[in-house]
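Undergrad: Spelled out, the chains give:
Number of protein chains: 2
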Amino acid sequence: MKKTLYIFTSGELKRKDNSLYFESEAGRKYIPVEDTNDIYIFGEVDVTKRFLEFAAAKEICIHYFNHYGYYTGTFYPREHYNAGHVILKQAEHYIDKEKRLELARIFIAGSIAQMRQVLKYYQTRAKNGKEEITALIEKFKERTSELSEGHTVEELMAVEGHAREDYYKMFDYIINDPDFRFEKRSKRPPLNRLNAMISFGNSLCYTMVLSEIYKTYLDPRIGYLHATNFRRFSLNLDVAEIFKPIMVDRLIFMLINKKMIGKKDFDKQMNGILLTESGRKKFVAELDKRMQTTVNHRHLGKSVSYRRLIRLELYKIQKHILGEKTYEPYRSMW
Amino acid sequence: MKKTLYIFTSGELKRKDNSLYFESEAGRKYIPVEDTNDIYIFGEVDVTKRFLEFAAAKEICIHYFNHYGYYTGTFYPREHYNAGHVILKQAEHYIDKEKRLELARIFIAGSIAQMRQVLKYYQTRAKNGKEEITALIEKFKERTSELSEGHTVEELMAVEGHAREDYYKMFDYIINDPDFRFEKRSKRPPLNRLNAMISFGNSLCYTMVLSEIYKTYLDPRIGYLHATNFRRFSLNLDVAEIFKPIMVDRLIFMLINKKMIGKKDFDKQMNGILLTESGRKKFVAELDKRMQTTVNHRHLGKSVSYRRLIRLELYKIQKHILGEKTYEPYRSMW
Chain G
3 MKKTLYIFTS GELKRKDNSL YFESEAGRKY IPVEDTNDIY IFGEVDVTKR FLEFAAAKEI
63 CIHYFNHYGY YTGTFYPREH YNAGHVILKQ AEHYIDKEKR LELARIFIAG SIAQMRQVLK
123 YYQTRAKNGK EEITALIEKF KERTSELSEG HTVEELMAVE GHAREDYYKM FDYIINDPDF
183 RFEKRSKRPP LNRLNAMISF GNSLCYTMVL SEIYKTYLDP RIGYLHATNF RRFSLNLDVA
243 EIFKPIMVDR LIFMLINKKM IGKKDFDKQM NGILLTESGR KKFVAELDKR MQTTVNHRHL
303 GKSVSYRRLI RLELYKIQKH ILGEKTYEPY RSMW
Chain C
3 MKKTLYIFTS GELKRKDNSL YFESEAGRKY IPVEDTNDIY IFGEVDVTKR FLEFAAAKEI
63 CIHYFNHYGY YTGTFYPREH YNAGHVILKQ AEHYIDKEKR LELARIFIAG SIAQMRQVLK
123 YYQTRAKNGK EEITALIEKF KERTSELSEG HTVEELMAVE GHAREDYYKM FDYIINDPDF
183 RFEKRSKRPP LNRLNAMISF GNSLCYTMVL SEIYKTYLDP RIGYLHATNF RRFSLNLDVA
243 EIFKPIMVDR LIFMLINKKM IGKKDFDKQM NGILLTESGR KKFVAELDKR MQTTVNHRHL
303 GKSVSYRRLI RLELYKIQKH ILGEKTYEPY RSMW
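The listed protein sequences derive, respectively, from chains G and C.
The first sequence begins at 3 in the working numbering and counts up by one.
The second sequence begins at 3 in the working numbering and counts up by one.
One chain only, chain G, in its complex shape (with noise of 0.2 angstroms):
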């Protein structure tokens, strides 16, 4: 499995004939082109064309987040598959109401699904709040049936959009720390600790389901739930619906409880709460550690890593938007 590089600090991105090298005042350090997936920049990193030229090469994405860790946009390399036939077929499923709808229902009732698989894990763990968790879980059952009666792409986000709020509740009884509280979802900036976590484990969800979608016949341009418009990439948002709650939410609940990210590790910053550099490199470290962690495949048999779920992930869809087999998402089985 090819590995994520992550680079906080500032230096120059150069080649030198067939080899890539970083070079910063500790000196040169080399990248070993082949065994790298994708390179995620948060120092002050210049780059050279030429070092674009051959990471595009060996297809290497390169993710930019800038000083105050807010993702700012990805060097995609051109495509290497040409399929257009896959294309086709991906906006066939966009152009064709009832194809579009029922994807997003499956997007949905995926997403629904995992944030459910999170509260039963916590529903015997959670200090408090047992009862709301429990409560919540049999109302998840509902929202799932609400899905087959949503007649638009907007009915059903509604559905999500509200599951997902009495989801984030939950959360203060899941983390319980009077430095992480949720109070309400706010972005851009977030408003708080929790939120700030939030926020940035998400932006690095969608850039790794980007990084794996350059990896398939897909395009990430069309999307489903997320491509009213054409302002972003679309199809890693709607993929990232199914990993959010495994990838994110339950990493932020295990670096608050285990005490592993604390108040130190925040600074305010344009008018919000920002992680610091040295809370991302937590956070980021952290996450790298989760997405090699192996889980059992129920299908496969075997176990996989994070990273090859999402690839997974995008196989099925694929296969699914070929007509080969309905799309059945990823749930985690604890």
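Please keep in mind that the hints were generated in silico from the structure rather than gathered at the bench.
Do not rely on the hints blindly, as some may be mistaken.
Put simply, identical chains are the same to the list, so a pair is met inside one copy or across any two.
Stated by the list, open to error - Think about it this way: if two alpha-carbon atoms lie no more than 27 angstroms apart in a straight line, the pair counts; the simulated DSS-like pairs of lysine-lysine are:
{"no.": "1", "residue 1": "Lys321", "residue 2": "Lys99"}
{"no.": "2", "residue 1": "Lys189", "residue 2": "Lys60"}
{"no.": "3", "residue 1": "Lys270", "residue 2": "Lys60"}
{"no.": "4", "residue 1": "Lys270", "residue 2": "Lys18"}
{"no.": "5", "residue 1": "Lys16", "residue 2": "Lys31"}
{"no.": "6", "residue 1": "Lys99", "residue 2": "Lys327"}
{"no.": "7", "residue 1": "Lys4", "residue 2": "Lys304"}
{"no.": "8", "residue 1": "Lys60", "residue 2": "Lys217"}
{"no.": "9", "residue 1": "Lys171", "residue 2": "Lys129"}
{"no.": "10", "residue 1": "Lys321", "residue 2": "Lys31"}
{"no.": "11", "residue 1": "Lys261", "residue 2": "Lys327"}
{"no.": "12", "residue 1": "Lys31", "residue 2": "Lys283"}
{"no.": "13", "residue 1": "Lys132", "residue 2": "Lys16"}
With the hints as your guide, set chain C onto chain G.
TA: This is chain C only, laid out in the frame that chain G set:
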């Protein structure tokens, strides 16, 4: 309408406060950020992260092309105009049989008209076969009316195939050189010198159109004539039909008739005949000259280069697909 910036020289893209500039040997050139939609980089251009951040904030995409002019990748800001709607429309015109047929008909009519135009140019100039050429010019009128009777893309392709066969037969009259007989169209490998030149020229034409497609919102994977096989880009093949007669065939006639390329520029290779390296160099140099040549543009009322002509053609196709204006293929005047 925001503008596109093309950078051919080498240098560095930098930021100072809220302005972006390009620094090269020639000095510092400021980029009007509010007025720039995207930047195309052809030179050896390095970029600072602070530049990318501000470009991202202004939703400016940055497209990279390598030393040979091939597209390598794009920096997509978090929010950008990703033209998902163009690809959807492009797919719709493929999926909808009538829409696809209409476009296929236009491409083939355009291709036949261009072949006819080449014949007209040589009608008086050819040493032999004036009668045959004149007869074929007449026959091509009928071919165009046959197009309205074609009810499948395959039928239309057959009309085009017959027209092209007749057209190639005229090559011997136009060239009239025993070293360069057409015989019959042979590919992979070409079996004689003329076919070697046609194959080489056509492949250059396909990649030139592909390069230009990357400068538009169109997706090269979805074509209308050539999309039956999914192993290659196809929109460029469609558009090349319009340009092959003037860009490739007329160049070949010129190279042979002016004795710029001769027997010694060919080699027996892989059971066929191919241009030698020096032959290819001469061909490319002359093609490149031709691409930079400006021709009078009927509608624009000004001179544009052939390369620009291709781009304009793509914009017309984009307009057709977006339902703004029915596509009318370029027709050379001489």
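Undergrad: Indicate, hint by hint, whether the structure satisfies it.
TA: How the hints compare with the structure:
1. Lys321 - Lys99: Intra 19 angstroms, inter 24 angstroms, cutoff 27 angstroms: intra and inter.
2. Lys189 - Lys60: Classified as between: cross-chain Cα gap 20 angstroms, same-chain 35 angstroms, threshold 27 angstroms.
3. Lys270 - Lys60: Between. Shortest inter-copy distance 25 angstroms satisfies the 27 angstroms Cα cut-off; intra-copy 39 angstroms does not.
4. Lys270 - Lys18: between (41 angstroms within a copy, 25 angstroms between copies)
5. Lys16 - Lys31: both (10 angstroms within a copy, 24 angstroms between copies)
6. Lys99 - Lys327: Both, since 19 angstroms and 26 angstroms are each at most 27 angstroms.
7. Lys4 - Lys304: Classified as within: same-chain Cα gap 19 angstroms, cross-chain 52 angstroms, threshold 27 angstroms.
8. Lys60 - Lys217: Both ways: Lys60 and Lys217 sit 11 angstroms apart in one copy and 23 angstroms across, limit 27 angstroms.
9. Lys171 - Lys129: within (15 angstroms within a copy, 87 angstroms between copies)
10. Lys321 - Lys31: neither (33 angstroms within a copy, 48 angstroms between copies)
11. Lys261 - Lys327: For Lys261 and Lys327, the Cα distance exceeds 27 angstroms both inside one copy (44 angstroms) and across copies (61 angstroms).
12. Lys31 - Lys283: Within. Shortest intra-copy distance 19 angstroms satisfies the 27 angstroms Cα cut-off; inter-copy 37 angstroms does not.
13. Lys132 - Lys16: So Lys132 and Lys16 fail the 27 angstroms test inside a copy (54 angstroms) and across (55 angstroms) alike.
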